[in-house]
Every structure is written in C-alpha cells, then in structure tokens.
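Student: These are the residues of each chain, in order.
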Amino acid sequence: MSVDGSVLTPVVDIVDAPPAGSGWPRKIWAWIWPKALAIVLVLGFWQVVVWTGWRPIYVLPSPGETLQTLWSMLGTERFWSALQTTLLRAVTGFALALVIGTAIGIVVARVRPLRLAVGSLITGLQTMPSIAWFPLAILLFGLNEQAILFVVVLGAAPSIANGVISGIDHVPPSFVRLGKVLGAGTVSLYRDIVLPAAMPSYISGLTQGWAFAWRSLMAGELLVIIAEKPSLGANLEFARQFSKAPLLLATMLVILILGMLVDGLFSSYARRVRHRRGLTAS
Amino acid sequence: MSLTTLIHGRTMTETVSAASNEPIVRISNVSKVFGRGAEATVALQDVSLEVQRGEFVTVVGASGCGKSTLLNLIADLDQPTSGVVDVRSKTAFMFQEATLLPWLTARQNVELALKLTGLGKRDRRSRAVELLELVRLEGSDDKRPHELSGGMRQRVALARCLAQDAGIVLMDEPLGALDAMTRDHLHDEIETISRTQGLTVIFVTHNMREAIRLGDRVILMGSAPGRVVYEESIPMPHPRVMDSPDVATRAAALTARLKEQGHTHVG
Chain W
1 MSVDGSVLTP
11 VVDIVDAPPA
21 GSGWPRKIWA
31 WIWPKALAIV
41 LVLGFWQVVV
51 WTGWRPIYVL
61 PSPGETLQTL
71 WSMLGTERFW
81 SALQTTLLRA
91 VTGFALALVI
101 GTAIGIVVAR
111 VRPLRLAVGS
121 LITGLQTMPS
131 IAWFPLAILL
141 FGLNEQAILF
151 VVVLGAAPSI
161 ANGVISGIDH
171 VPPSFVRLGK
181 VLGAGTVSLY
191 RDIVLPAAMP
201 SYISGLTQGW
211 AFAWRSLMAG
221 ELLVIIAEKP
231 SLGANLEFAR
241 QFSKAPLLLA
251 TMLVILILGM
261 LVDGLFSSYA
271 RRVRHRRGLT
281 AS
Chain P
1 MSLTTLIHGR
11 TMTETVSAAS
21 NEPIVRISNV
31 SKVFGRGAEA
41 TVALQDVSLE
51 VQRGEFVTVV
61 GASGCGKSTL
71 LNLIADLDQP
81 TSGVVDVRSK
91 TAFMFQEATL
101 LPWLTARQNV
111 ELALKLTGLG
121 KRDRRSRAVE
131 LLELVRLEGS
141 DDKRPHELSG
151 GMRQRVALAR
161 CLAQDAGIVL
171 MDEPLGALDA
181 MTRDHLHDEI
191 ETISRTQGLT
201 VIFVTHNMRE
211 AIRLGDRVIL
221 MGSAPGRVVY
231 EESIPMPHPR
241 VMDSPDVATR
251 AAALTARLKE
261 QGHTHVG
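As you go down the protein sequences, you meet chains W and P in turn.
The first sequence begins at 1 in the working numbering and counts up one residue at a time.
The second sequence begins at 1 in the working numbering and counts up one residue at a time.
Because the hints were derived from the structure by calculation, they are not lab data.
Take these hints with a grain of salt, some might be off.
The following label-pair restraints were derived from C-beta to C-beta distances [stated by the list, open to error]:
(1) W/260 / P/149: 39 to 47 Å
(2) W/103 / P/243: 57 to 65 Å
(3) P/149 / W/68: 53 to 61 Å
(4) W/276 / P/29: 47 to 55 Å
(5) W/128 / P/37: 41 to 49 Å
(6) W/40 / P/119: 56 to 64 Å
(7) P/138 / W/261: 40 to 48 Å
(8) P/89 / W/23: 26 to 34 Å
(9) P/253 / W/279: 34 to 42 Å
(10) P/81 / W/103: 56 to 64 Å
(11) W/81 / P/120: 50 to 58 Å
(12) W/274 / P/139: 43 to 51 Å
In this text, a Cβ means the ideal position worked out from N, Cα and C, and glycines have one as well.
Please build the complete structure, drawing on both the sequences and the hints.
Tutor: Listed below in structure tokens is the structure:
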C-alpha cells in the first residue's frame, strides 16, 4: 500500500538548474540557451515538414505564418478574455484541489484503517484519464463551469494527496523521536516537524497535480463549450471548425508555454527548498 | 550515601562522592522485554541504579546491552515491563546523530526547543543566540545544518538540549561519530557547561576512556540480557585528559572487569 516515490517525479521538468556561474548575464545566458536551442530545433523541424509538402499549407501552416498569427492574436480582445477565463478556471480548480488533496492526504496518512482502504484508491484515481470523467460530470452538472472544475479537481487532487502521504511516510523516525523528546504535542509535532519535513515530496505532488489540472482543464474546455464564453480550449475547437490552422497552432503554442511556465515556477520553488536543505549537489 | 546495585542476587555497595541529598533518578529492579513468547528479547534485566543531583554518570557497554533502552526509560519515551523508574526532573536528550531539522537555521533549531518549552516569541531569539554563544557557535546562527561540520552540528544539538531547560541531560553516544580532536573539545565544553549549569548528566558511550574522562562514576553494563555488572566512582580531579596514562590504566582495568563479567555470565 506504500506510495511509490517514482509516481511523484514531475511529469515535465524542462527547466534545469542554472549552473553556478559568476554574474547575472552568464547565469541568464546559461538558463536561456538550452531553451532557445530547443525552440530552434522544433521550429526547424516543423519548417522542414512544411517544405516537404506533406500536407497542404492551409492545414499545416509554416512556423512563420503561425508566429505572425500569434502576434496578431495577442492584439485581440477575444484572446485576452479567453486567457482570463482559462486562467481563472485553472487557478480556482487547482486551489480547490490543493485544499482537498492536502486535507485528504493528511487524514489518510494519519488514520491507519483509512490508509489501507483509501491509499490504493488514490493511486488508482491518479491513473484514471481525467477525460473519462467528463461524460459523468456533464450528466451531474450540465455543460457549465462546475463540470469543468469537478474534473480539474479530480485530476489534480490525487497527486497532491499522494505527495502529502508519501512525504509523511518518509519523515525520518528520528525527527518524530526528536519531537517527542522536545515535548511536542500532536499539533505541534505536525506543524513544526512532520509537515515541514514532508515539504519536498509535497511540492512534487503539487507539480504533478498542476500538470494533471492543466490537462484536465484543456480536455474540459474542448468538451464543455459554454456559449458566449471564449476560453483557450474553446478557441481551439472554433479554429478547427472554421479551418483556421494558423490560429489553432498559435493557441496550442500559448497552451504549451503557459503549462511550461507554471511548471517552471514549481520546479524552481522545489529547487530552492532542496537547496536550503542541502539536498542538491553543490 | 550508599548505593546498592543488585547483580545476580549479589549485593555490591559503592560510595558516592557527589551531592548527598535525594537521588534525582532512582531505578529499582527494572526489566524491559520487547516482543512476546518465543520472540521476546530481554533488553534489560533487573537493573537498579541511582543518580544524584549534579552527578555526571557515564554508562559503558557493548552494543546491545540496553544502554539506549535505559535512557529511553529515564526520558519516559518507553515504559518498563516491570520495576519502577522514578525521575525527579525534566529530561533533555542528545542523540548520536545531531538530528537538526534541515529546513531551519542553527538558531531556529534552538528556538524550536525554546518554543516547545513555552517561552514567549520575543525572548526566544535572544535566548537562542545566548545558548549558541555558550557552545561557542557565535556567528553561525543563520547557517543551515548542511553548512555546518559534524562537530558544529553536535554543538547546535547541545545548545538545543540546554534550551529544554531540563535538570537531567541524557546523552546517547553523542560524540561517537566525531574525529578525536573535535571530540576532545566537546568533552571540555560538555564538562564545563554541565558543571556551571548544575546539570545531572547520564552519558552513554562504548568508549571506556571517554567514560573515565567524563564520569564522576562509571557504570558497566553487560549484554544479553542487558544488566548492570559493575560500577565505580572515579576520584581523579577534573578536567582529565583522555590520552593520559591514568585514564588508560583505569580503562584497562575496567575493560578487564567487563570482559570477566561477560565470561562469568556466559559460563
């Protein structure tokens, strides 16, 4: 019933640790060039495929055209309103998942019978593709915000709960003993020792939870399209229906970049925590 | 005051040189058994022991002789299977590993102990700084455990131990993992601090010379089952030098005594 630590490794970890260099310009350069290279490789490959004429240009536009569309898209009100809707849903859903997942994680880690009963169920939920929840969510709530949030929370909360459980499981027994020696009661033991000790695992749970939340949200926005309410997912669907390939690809780029940015934030926070505890190679 | 220790029905009497009032720790016929039935292990068998207020007692024995179990009973981390453990003061504990919390700085580690004794937030910081100065760690307040050497980490652990404001300090091989020079320095400091603060110390070690270096009295424990086999007051003046001939001679004699007890038990 133990939670496999490998389950909690971040799904995407694109942002690598910046090597310790002297001075900011060097650090920034060291941080940027791998990403710049990755972008150049992808765009280059894309351009080559376009040149081969594998698919007509109105289905698979060139990177140049897509980037131009992206640029003009950034000037439209529709895009910003869609972005706002999507981000609001992502933040609300993730915040709910955070509260629910953390609470469930703590309770399950503490109560042994519950642990035996629910522990494997949580891991099971984690492997369940969130898109499979949507038909039920739509039946339960209708084509509305609640249906989307429901699935986003179901997607993210198990990872977060697992992060908490695995973190609490791996608290060194010597820390718990120390807590008792120092005279800590249950509340203080958790607040001052167990939960801070579980932090690195919790953060990887959050990182993975975010990845699941973002995927579930995009699936949800494609399936649950609410009239008069543009969102990034809905924009994708419209672009497909009206055969606007450049717009479709531009929106996909935005989704990719947003997901990576947030994951990067989590990763850099995780790295700071590990560094403070001396868990990183110097 | 006379102190009585029961060993296999024999009675042995030693004179205690330290304070002459009520003992601060009194352990009477204590046994501790882990597990049940065929799997049961006797960790301690019929151990009786008294420690006087302000005394520095060292406990020596091979691994598995129940030294740590004894400390756990005194610290109330565990209960005896039979017998009585009577402890008349709060206890603080220092482990072999410093067990500092890696997300806190040296000062915050000490502050946590102060917080758990109920000291108000405003006084914690200044008291923690004082304690770190006492163990000669001034200037390292804001370092995190991984930035400190093994000896410095044990100094923080010592400061945290003192922060608990306990009359009795239990030390479970706290210097076992340190190099000889660092260990010698810490001997001096533990000795000075415990005397100036009027602490009672029960110090467990497997190193006979360390036991003689520090102890007003040395207690020898035998293993399988764990029991007290012999004890002796050490009348040599403090501070002693661990590598001195006097210490070495006594260590050899006591080691021989421990081996002999082991043999009589096995035979």
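Student: Check the following: the C-beta atoms of residue 253 of chain P and residue 279 of chain W are separated by a distance inside 34 to 42 Å.
Tutor: violated, 48 Å
Student: Against the range 57 to 65 Å, how does the distance between the Cβ atoms of residue 103 of chain W and residue 243 of chain P compare: consistent or not?
Tutor: The hint (57 to 65 Å, Cβ to Cβ) holds, given that residue 103 of chain W and residue 243 of chain P are roughly 58 Å apart.
Student: Per the hint of 39 to 47 Å, is the separation of the Cβ atoms of residue 260 of chain W and residue 149 of chain P within bounds?
Tutor: holds, 40 Å
Student: Should the hint that residue 128 of chain W and residue 37 of chain P are 41 to 49 Å apart at their CB atoms be regarded as holding?
Tutor: The hint (41 to 49 Å, Cβ to Cβ) holds, given that residue 128 of chain W and residue 37 of chain P are roughly 45 Å apart.
Student: So the hint says 53 to 61 Å: do the beta-carbon atoms of residue 149 of chain P and residue 68 of chain W match that?
Tutor: Holds: the Cβ-Cβ distance is about 60 Å, inside 53 to 61 Å.
Student: Can the suggested window of 40 to 48 Å be confirmed for the beta-carbon pair residue 138 of chain P and residue 261 of chain W?
Tutor: holds, 44 Å
Student: Taking the beta carbons of residue 81 of chain W and residue 120 of chain P, is their distance inside 50 to 58 Å?
Tutor: Since the Cβ atoms of residue 81 of chain W and residue 120 of chain P sit about 52 Å apart, the hinted range of 50 to 58 Å holds.
Student: Given a hint of 43 to 51 Å, does the C-beta separation of residue 274 of chain W and residue 139 of chain P actually sit inside it?
Tutor: Distance hint for residue 274 of chain W, residue 139 of chain P is violated at roughly 26 Å.
Student: Against the range 56 to 64 Å, how does the distance between the Cβ atoms of residue 40 of chain W and residue 119 of chain P compare: consistent or not?
Tutor: With Cβ atoms ~59 Å apart, the hint holds.
Student: Lying within 47 to 55 Å: is that true of the beta-carbon distance residue 276 of chain W to residue 29 of chain P?
Tutor: 49 Å Cβ-Cβ, so the 47 to 55 Å window holds.
Student: The hint says 26 to 34 Å between residue 89 of chain P and residue 23 of chain W; measuring C-beta to C-beta, is that right?
Tutor: violated, 56 Å
Student: Is 56 to 64 Å respected by the C-beta to C-beta distance linking residue 81 of chain P and residue 103 of chain W?
Tutor: Given a distance of about 40 Å, which is not inside 56 to 64 Å, the answer is violated.
The structure is inconsistent with the numbered hints 8, 9, 10, 12, although it conforms to all the rest.
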